[in-house]
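S.K.: So the sequence lines, in the order shown, correspond to chains A and B. At the far end of the first sequence sits residue 222, using my numbering, and the numbering has no gaps. At the far end of the second sequence sits residue 688, using my numbering, and the numbering has no gaps.
Everything labelled a hint here was simulated from the structure, so no lab data went into it.
Dumping the calculated SDA-like pairs for lysine to any residue here, alpha-carbon to alpha-carbon at most 25 Å:
1. B:K357 x B:P379
2. B:K460 x B:L449
3. B:K617 x A:Q144
4. B:K324 x B:A434
5. B:K431 x B:V531
6. B:K617 x A:L123
7. B:K617 x A:A97
8. B:K617 x A:S122
9. B:K431 x B:L377
10. B:K617 x A:C94
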Amino acid sequence: MSVTGSRAGCKQEIIEALLRDVPDLWRGHYTAAQGEQGVSTGFPGLDGILPNSGWPSRGLVEIVCPRRGMGELQLLVPLMRALTSQGQWVLWVCPPAAPYAPALVQAGVDIGKLLVIAPGASLRNALWSMEKALRSCRLVLAWQNGLSHQVLRRLQLAANTGNSLAVLFQRGNSGCPYSALRLQLSRAGSAGDEGPRVSILRARGNVRCSGVRLGPEALAGE
Amino acid sequence: MASPQARLSTTAAPRPARTRQDRTRRAGKQRGNLWYALHLPQLQALPESRRRRYLLVLAGLMETCSSDISPHETALVCEVRSALRYFGGIEAIHERLSGAIKRQLREWELPEDFSHAAAPTISGSLLLARAGGGKAVYRRANLHTALQGLPVAVLQPDQEQGRRLHNMGIRYLGDLWRLPVGGLVTRFGSAFVDQLDRALGKAPEAARKYVAPPSFRSVLELPGESLDLDRLLPAAGKLLKRLRDFLVQRDLATGRLEFSLLHERREATELRLELRRPGRSPEHFLMLLQTHLGELELPAPVVAIRLAVSRFDAWLDRDLQLLRNEKGAGADDAGVDHLLEQLQARLGERQIRGIEAVADHRPEYASRDFDQAEGGKAGPDTPVAGPPRPLWLLKEPRRLACRDGQPLYHGPVALLSGPERIESGWWSGDDVRRDYYVGEEENGCRLWVYRERDGGRHWYLHGYFA
Numbered sequence: 001m002s003v004t005g006s007r008a009g010c011k012q013e014i015i016e017a018l019l020r021d022v023p024d025l026w027r028g029h030y031t032a033a034q035g036e037q038g039v040s041t042g043f044p045g046l047d048g049i050l051p052n053s054g055w056p057s058r059g060l061v062e063i064v065c066p067r068r069g070m071g072e073l074q075l076l077v078p079l080m081r082a083l084t085s086q087g088q089w090v091l092w093v094c095p096p097a098a099p100y101a102p103a104l105v106q107a108g109v110d111i112g113k114l115l116v117i118a119p120g121a122s123l124r125n126a127l128w129s130m131e132k133a134l135r136s137c138r139l140v141l142a143w144q145n146g147l148s149h150q151v152l153r154r155l156q157l158a159a160n161t162g163n164s165l166a167v168l169f170q171r172g173n174s175g176c177p178y179s180a181l182r183l184q185l186s187r188a189g190s191a192g193d194e195g196p197r198v199s200i201l202r203a204r205g206n207v208r209c210s211g212v213r214l215g216p217e218a219l220a221g222e
Numbered sequence: 223m224a225s226p227q228a229r230l231s232t233t234a235a236p237r238p239a240r241t242r243q244d245r246t247r248r249a250g251k252q253r254g255n256l257w258y259a260l261h262l263p264q265l266q267a268l269p270e271s272r273r274r275r276y277l278l279v280l281a282g283l284m285e286t287c288s289s290d291i292s293p294h295e296t297a298l299v300c301e302v303r304s305a306l307r308y309f310g311g312i313e314a315i316h317e318r319l320s321g322a323i324k325r326q327l328r329e330w331e332l333p334e335d336f337s338h339a340a341a342p343t344i345s346g347s348l349l350l351a352r353a354g355g356g357k358a359v360y361r362r363a364n365l366h367t368a369l370q371g372l373p374v375a376v377l378q379p380d381q382e383q384g385r386r387l388h389n390m391g392i393r394y395l396g397d398l399w400r401l402p403v404g405g406l407v408t409r410f411g412s413a414f415v416d417q418l419d420r421a422l423g424k425a426p427e428a429a430r431k432y433v434a435p436p437s438f439r440s441v442l443e444l445p446g447e448s449l450d451l452d453r454l455l456p457a458a459g460k461l462l463k464r465l466r467d468f469l470v471q472r473d474l475a476t477g478r479l480e481f482s483l484l485h486e487r488r489e490a491t492e493l494r495l496e497l498r499r500p501g502r503s504p505e506h507f508l509m510l511l512q513t514h515l516g517e518l519e520l521p522a523p524v525v526a527i528r529l530a531v532s533r534f535d536a537w538l539d540r541d542l543q544l545l546r547n548e549k550g551a552g553a554d555d556a557g558v559d560h561l562l563e564q565l566q567a568r569l570g571e572r573q574i575r576g577i578e579a580v581a582d583h584r585p586e587y588a589s590r591d592f593d594q595a596e597g598g599k600a601g602p603d604t605p606v607a608g609p610p611r612p613l614w615l616l617k618e619p620r621r622l623a624c625r626d627g628q629p630l631y632h633g634p635v636a637l638l639s640g641p642e643r644i645e646s647g648w649w650s651g652d653d654v655r656r657d658y659y660v661g662e663e664e665n666g667c668r669l670w671v672y673r674e675r676d677g678g679r680h681w682y683l684h685g686y687f688a
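Assemble the whole structure, with the sequences as input and the hints as a guide.
M.R.: Rendered as structure tokens:
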């Protein structure tokens, strides 16, 4: 009895060691902490459905948002606040409108740590800048549509090797198999004071495609 | 120096050496320096910074004759003993220098006259030059005699000292030497007496060593003419390694590199690398150069590359450590500096913006973007609670249609909160009288809209709560 018990214990240890040391191990429905610790999104509801309970620590995150003004940037505000307060830089590559300083200050983001590449840059230059920036900025935000899977893969690789997070805002679902996380924002059927509905279109280490409705804290303008 | 007193003489030129033994004996006797002094009284009137700059330029001219130059208040002194034989005597050296120096003075529109003298001590040569110059004393033993006839004014006594000297009936340096040293020190201070001792070579004197400003210039010819980056970059890399060695030897760094790509029979393509933080890593310079070249349309094949650096900074080792650091808290500023240099090189000037909040009630003036290269204000803004502000602001408010008093964008916009009345700017002629609302479209998008309080009372879209 004691022999089998110790053998089972030994197996358990091996499995635990594997789970701890091999982050790429596929684990089915198991979505609890997988080696790497995620970075909290600042929204408990969203943390609850994301693998590693938060943003991946590195890689490409796509946010699908068909219209402007759905709270898509608001999703990133807690992360920007946390990073800039640690003295990390955040680069915005060709944003579609002027980032408005008073709103960012109101949200507690240290705007002295924000860099913006003016929207005039060509797509080629914008992508080049992102690739370079992912090596030295912790977070790079970009707004581009219709990028090829190959380009998305390069961004994912750049973010992975640079140990940083690339966030790409898109109007449509790219269906790209390489990104670490793809979220879709929608407001369909939301009551006036409810936040947007966030659904996971794709997440590494997760097979469930669940969604969650965020509370009013996810809405700017409240 | 067996019996210096016996050899006292006021020779103005060396006696010609007659025999080989004589010459070797003299060389043995006359070990030590011979200082050639130029006294430039016209520099006295100039402001100090300019005087210093001019002296350094003149010192540069003197480098043709001496490697040991000591700049003084309004004089330059250089060691010429080692150069006497080569140039053929002090007069030849003087001829050589005075032409160049006069030309330079003429260029500065200063009087061209100056006096010169040579003596075995710096102070001695200075005193002789101040007294009018034209004299050369080759041996220490002769200094006493040569100096004793000089007026005391050459010591540049201050007013009080001058008055005392006058009252004591002292007119010449020789008069001073007759007085007991102790008394002189109490009356005129030790510095005054030291000056005399130094002039005679009785006290050690320090030369203020002139060091030429560094300058780097190096050319590398390519094995064949080429437009190919794969050939140009390794060549530039070689130049950059030379630069690195140059900088390491002098403990310097640089923030500005000037490349010239030389072509056959046409003007060189000039390329300037500007760094946000001085450095000396060839890899980093090369990466920046690559970025620059990638954006450059070369007009013709390149036959040679020239690299020139004339601005230098002190080397700070901490940059390196920061670069090696993992991206930790606040430690990646050096990395970001490098990134900004690269982005600027590729995207062009003024394309990397920072943003800052401005205390202005008018929403469109409350946020400002600035060129990151010039920097904004320092320190984070403190968050202030207040009415909601959108993350995106439109540069120009967009006029909205209106139906039954309700604004229309893609569809009707329901007003969620407001109004927030903003009235401001009338004094600048750009006055704003608006009622702002947070509006929501049927599809859930949140907008920042306002209605004019006068005029046509139109509705406008001003921002998105993204």
